[in-house]
Amino acid sequence: MYNKGTIIPGLIIFVGLMLFAVLWDGGEKVEAPKPEKPVGYKECVKPLQYMKESHMELLNVWRDEVIREGKREPIEVGGVMYEKSLQNGCMHCHTSKKKFCDTCHEYASVYPYCWDCHVAPQEDVALKEAR
Amino acid sequence: MDSSRRKFLKIAGISAVAGIGAPSALNMLMKNEVRASSEGGGHGAQTDAHGGEGAHAAAPVGKRYGMVIDAVKFHDTPGLAEKCIEACHSYFNVPNFGNKKDEIKWIWQMPFTNAFPGDESHYKKDERTHAMQFMLLCNHCDNPPCVRACPTKATFKNADGIVMMDFHRCIGCRFCMAACPYGARSFNWRDPRGSKDGVPFIKKINPEFPTRMRGVVEKCSFCDLRVKRGLQPLCVEATGDTKAMVFGDLNDPNSEVSQVLKARFTIQRKPSLGTMPSVFYII
Chain D
77 MYNKGTIIPG LIIFVGLMLF AVLWDGGEKV EAPKPEKPVG YKECVKPLQY
127 MKESHMELLN VWRDEVIREG KREPIEVGGV MYEKSLQNGC MHCHTSKKKF
177 CDTCHEYASV YPYCWDCHVA PQEDVALKEA R
Chain P
428 MDSSRRKFLK IAGISAVAGI GAPSALNMLM KNEVRASSEG GGHGAQTDAH
478 GGEGAHAAAP VGKRYGMVID AVKFHDTPGL AEKCIEACHS YFNVPNFGNK
528 KDEIKWIWQM PFTNAFPGDE SHYKKDERTH AMQFMLLCNH CDNPPCVRAC
578 PTKATFKNAD GIVMMDFHRC IGCRFCMAAC PYGARSFNWR DPRGSKDGVP
628 FIKKINPEFP TRMRGVVEKC SFCDLRVKRG LQPLCVEATG DTKAMVFGDL
678 NDPNSEVSQV LKARFTIQRK PSLGTMPSVF YII
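Protein chains in written order, with this note's numbering: chain D, 77 to 207; chain P, 428 to 710.
In short, the hints are calculated from the structure, not lab data. Misleading hints may appear alongside valid ones.
[To be verified] Straight-line C-alpha distance at most 16 Å; calculated EDC-like pairs for lysine to aspartate or glutamate: (1) K110(D) / D178(D); (2) K490(P) / E145(D); (3) K147(D) / D587(P); (4) K580(P) / D178(D); (5) K670(P) / D101(D); (6) K655(P) / D178(D); (7) K160(D) / E635(P); (8) K697(P) / D587(P); (9) K655(P) / E149(D); (10) K580(P) / E145(D); (11) K580(P) / E149(D).
Fair warning: this is a prediction, and the values are worked out from it, not measured in the lab.
Chain D with its partners taken away, still in its complex shape:
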């Protein structure tokens, strides 16, 4: 092998650099986010697993139904009526954007633009209601 003296140390340095990021944070356990669930409610509009995975799809379906098809009637789940609305529906129970939406979104590093237009409930008001 030619240039053994440079190639082998070079490879070692390269592999070391590549693995550095993995090794540096490797052992640490990252806590899964714990979004605060609303008090006094046992279930959401859909099963929990569906909500975890596909709430964004549901929001899109609601949006199209409400705006385009004019189907604004609230939906009934387990005897409770829910408004098909992010602002007036979801956030009616999930009273804190910070403690619910943001916990997972920040963990997953997704930044949806819902709140560029939609108005999040006031945090202090929500806190007061929760108490």
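Based on the hints, put chain P in the right spot on chain D.
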């Protein structure tokens, strides 16, 4: 083979003409056939599909919401117009940028010359009409040019004849603003949530309705969300018992609007453009 240059060019020319001409001739024949067959039966379905796009004729069936505005009552009741504007703009989080150029308006006032350009006479000037201010809003046309102009279908006509905006979908190209002959659409040049000199553009954000973001067009929605719940639009509600604004289904001959339209002489804004506006004025 005694192929001369002359012969080659002849053949090349003929095949070129045949190559270009044949497909279009074939197409023409095909089209004629389709037209002939569709006249027999399937044409009705086609026109229906077009009607659904909200581009052509007036909706003969279903609901078609409209409004009659009594300009005289507004003229005689000072402060009423402001009350209507406030009711609308405060609910829908309409920002006030404090600058006429960036103005966002869902419902606003204009004198006769601006509201009905071309309708005034050179010879006889009706002092009273020219002193009046007219309440203007989106006309919710039956043939809305904004809907045709919108490249993303962010604006569309819903089943009740209301021209709706889907703010999620608006890319801010402003084609609709150019298409609208009534100036009923406004563009958010700035972030409506911002402020200038410590004064927020939206005085008090209504938590029931979203704001808009920068780069989105907005306009009156005929209070679609209230109408669906059987309520009157906010401006109509604000006029109270004065009956300065009457809202209802134009297709229902027994509705209050239809009755008023039958009994009174009304004018529309720029009817000659063929947009078929749904807002009528008593002057």
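Output the numbers, in ascending order, of every earlier hint that fails for this structure. Structure breaks hints 4, 5, 6, 8 and 11.
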